[in-house]
Amino acid sequence: MKTNAIALSLCLSATLLVSCKKDGKENLAELNDPLVTNRDTTVNPADDFFNYANGGWFKKNPIPASERSNGIFRTIADTINSQIKQICIKSSEDTNAEKGSNQQKIGDFYASGMDEAAIEKAGLSPLQPTMQKIGAVKDINSLMTTIGYLHTQGAGPAFGFYVGQDDKNSTQYAVFLYQGGLGMGNRDYYFNTDAETVKVRTEYVKHLEAMQKLTGADDASAKKNAALIMKMETELAKASRKLEDLRDPILNYNKMKVADLDKATPAVKWQPVLQAMGIKNANEVIVGQPEFFKALNTMVGNYSIEDWKTYLKWDLVNSYASYLNKAIDKQNFYFYSTVMNGVKEQKPRWKRVVEQTDGSLGELIGQIYVAEYLPKGSKEKLLEIGNNIRDVYANRIKQLDWMSEATKQKALNKLSKIVMKVGYPDKWKDMSSLTIDRSSYCTNVMNANIWEHNYMVNKFGKPVDRNEWQMYPQTYNAYYNPSNNEIVVPACNIIVPGFEGRMPDDAILYGIIGGSTFGHEITHGFDDQGAQYDENGNLNNWWTAEDLKKFQAKTKLIVEQFNNYTVLGTKHLNGDATQGENIADLGGIVMGYEAFKKTEQYKSQQKISGLTPDQRFFLAYGYAWMVNMKDESLANQIMVDVHAPAQWRINGPLSNMPEFYKTFGVKEGNKMFLPENKRVKIW
183 MKTNAIALSL CLSATLLVSC KKDGKENLAE LNDPLVTNRD TTVNPADDFF
233 NYANGGWFKK NPIPASERSN GIFRTIADTI NSQIKQICIK SSEDTNAEKG
283 SNQQKIGDFY ASGMDEAAIE KAGLSPLQPT MQKIGAVKDI NSLMTTIGYL
333 HTQGAGPAFG FYVGQDDKNS TQYAVFLYQG GLGMGNRDYY FNTDAETVKV
383 RTEYVKHLEA MQKLTGADDA SAKKNAALIM KMETELAKAS RKLEDLRDPI
433 LNYNKMKVAD LDKATPAVKW QPVLQAMGIK NANEVIVGQP EFFKALNTMV
483 GNYSIEDWKT YLKWDLVNSY ASYLNKAIDK QNFYFYSTVM NGVKEQKPRW
533 KRVVEQTDGS LGELIGQIYV AEYLPKGSKE KLLEIGNNIR DVYANRIKQL
583 DWMSEATKQK ALNKLSKIVM KVGYPDKWKD MSSLTIDRSS YCTNVMNANI
633 WEHNYMVNKF GKPVDRNEWQ MYPQTYNAYY NPSNNEIVVP ACNIIVPGFE
683 GRMPDDAILY GIIGGSTFGH EITHGFDDQG AQYDENGNLN NWWTAEDLKK
733 FQAKTKLIVE QFNNYTVLGT KHLNGDATQG ENIADLGGIV MGYEAFKKTE
783 QYKSQQKISG LTPDQRFFLA YGYAWMVNMK DESLANQIMV DVHAPAQWRI
833 NGPLSNMPEF YKTFGVKEGN KMFLPENKRV KIW
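Using our numbering, you'd call the opening residue of the sequence shown number 183 and step up by one each time.
Don't take each hint at face value.
[As the list claims (entries may be wrong)] DEER-style ranges, computed between Cβ atoms: (1) Lys780 to Glu275: 33 to 41 Å; (2) Lys303 to Asn569: 19 to 27 Å; (3) Gln310 to Lys736: 53 to 61 Å; (4) Lys420 to Asp276: 47 to 55 Å; (5) Ile322 to Lys406: 21 to 29 Å; (6) Asn723 to Asp276: 49 to 57 Å; (7) Arg648 to Gly792: 56 to 64 Å; (8) Glu466 to Lys609: 38 to 46 Å.
[Claimed, not checked] Simulated crosslink set (BS3-like; lysine-lysine; CA at most 30 Å straight-line): (9) Lys641 to Lys558; (10) Lys533 to Lys303; (11) Lys462 to Lys561.
Everything labelled a hint here was simulated from the structure, so no lab data went into it.
Backbone N, C-alpha and C define an ideal beta-carbon position, used for all residues, glycine too.
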């Protein structure tokens, strides 16, 4: 996946192209070309292209106290949030909106989130019915069915659960059980011994204690409960696999009969748990990490029912803390945003509520957004770029010197069958059963979560809908779904900040949209994970043994390359965990460049803003990842994220490209120089 961000819409229709002409030639420098103004020319591009391309912008735009990062995605997000805010305000002021309409639901959701007095008055009352259900637990059976029920309510205690396509039979939906239940998200937070992680762990226990007090416990009980929750989560973490070990789809695919899972976890009967989650008549489940569920089975017997109630109540409050009274919201922000990500101030209330409204009702907002903001011609331009990238990808595969003809034909077949979904879905999800009103913000969020859960579980037993989207059109992001062998690129990916109302040149379009979007996502079909799925989306080895061995040797090189990068002085990147994204970044920039070479801009070699086509292309790729992060957020990212930090998403792939070396004079002795035998060339 590309990254996490929200985007604005810009019209790239040629009829709106605005340009400056000087002596009959375009002079985009007169239009404040960001590729020029973002640079820090005191930095040698051969040593650190990330800061050379973006350092000037970073100096003029420090990270706000309310953000974990700043850059292109934050710039875009602020603009799109302002647009969604207008949709929310307009909807909330529409007193004639029909009950159950998109406008009524959006308006009431937003209004409830902005009603701080009502939220304060409500306190914990929106959670009381669910709290009472937890309080009624009497034995292991009712404990496990209550855990199942909590999953339907937007909480996630004890383990992970979802319904999705069967990795080995993409025509059917399957039930997946996965490791989970950790308040700090990643197992390493519970065990790593470096000073920063120890500090986070210490602060987490303090946070648990503070939250216990805010939800009614006295001092002694709060301290006791915090220690208990930490102990239970640590046991769950101990049984959890590391981030890099979750990348192997074969090792994390363990289909078994429900009756056999019962035998493996004799204290737990799983059919009642599945039914509590809304799954009926499931004879089989896919267990990601069997050892985790064996450990959970042991914990069910070793901890008292009262202990489990304490843990479950905490998980529920933790799931909804941002939508409760100010004291709870503030404490939740302090730990998860300040301690873990270095964010000192909360965003303005309107921005938080707008983002949540979009998160919960994005399908409804998207319909209005498409009609009012989406630029015409976006789908066509995206498809043009995407098809050009696919064409050069096919040519690259044909010319590979390390792959046999037999495997090449299968790779080309898979490539040809990749479905490209761009712009927005042809059919919107039916959210008519979702009830939203102005009485309770927390209840509205919970109702949206319940709807989302029900929508998911109702897929089970039905034919797979290959037309479904997992992103909104107002989202600046993209993804590859191996089970559908598809890439999904919302229309907002067409935008380039700084080129409002005018068409960016092809160097920019192919550096950003071609390379970091289409090229990146297509390469996910051929990274260490995606390459294990066939053209129909099934886990199925289509490689010869010799070709697979060569491929794995090449991916090992990129793992080694990124393992050698350090952040914050001493923290090494996790090359194993990030290898899929690193492979996709490298494949993306290579394919973007190959497609750019076919354009008239490249062939003419005409300079724009004093920059050659090659310089503009690589600077555009640098612009695609113009993200500056706070130290705490960087430390968090390298622990929990399969994406490398932005600096290495630029410097890493470019260090493998001879065209980059030639363009910016990279030589031995420069920091970005790699010996030829260390440069990675896969696709």
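Hints, verified against the model:
no.	hint	verdict
1	Lys780 to Glu275: 33 to 41 Å	violated (50 Å)
2	Lys303 to Asn569: 19 to 27 Å	violated (56 Å)
3	Gln310 to Lys736: 53 to 61 Å	holds (56 Å)
4	Lys420 to Asp276: 47 to 55 Å	holds (53 Å)
5	Ile322 to Lys406: 21 to 29 Å	holds (22 Å)
6	Asn723 to Asp276: 49 to 57 Å	holds (56 Å)
7	Arg648 to Gly792: 56 to 64 Å	violated (48 Å)
8	Glu466 to Lys609: 38 to 46 Å	violated (30 Å)
9	Lys641 to Lys558	violated (33 Å)
10	Lys533 to Lys303	holds (22 Å)
11	Lys462 to Lys561	violated (40 Å)
Checked against the numbered hints above, the structure violates hints 1, 2, 7, 8, 9 and 11; every other hint is satisfied.
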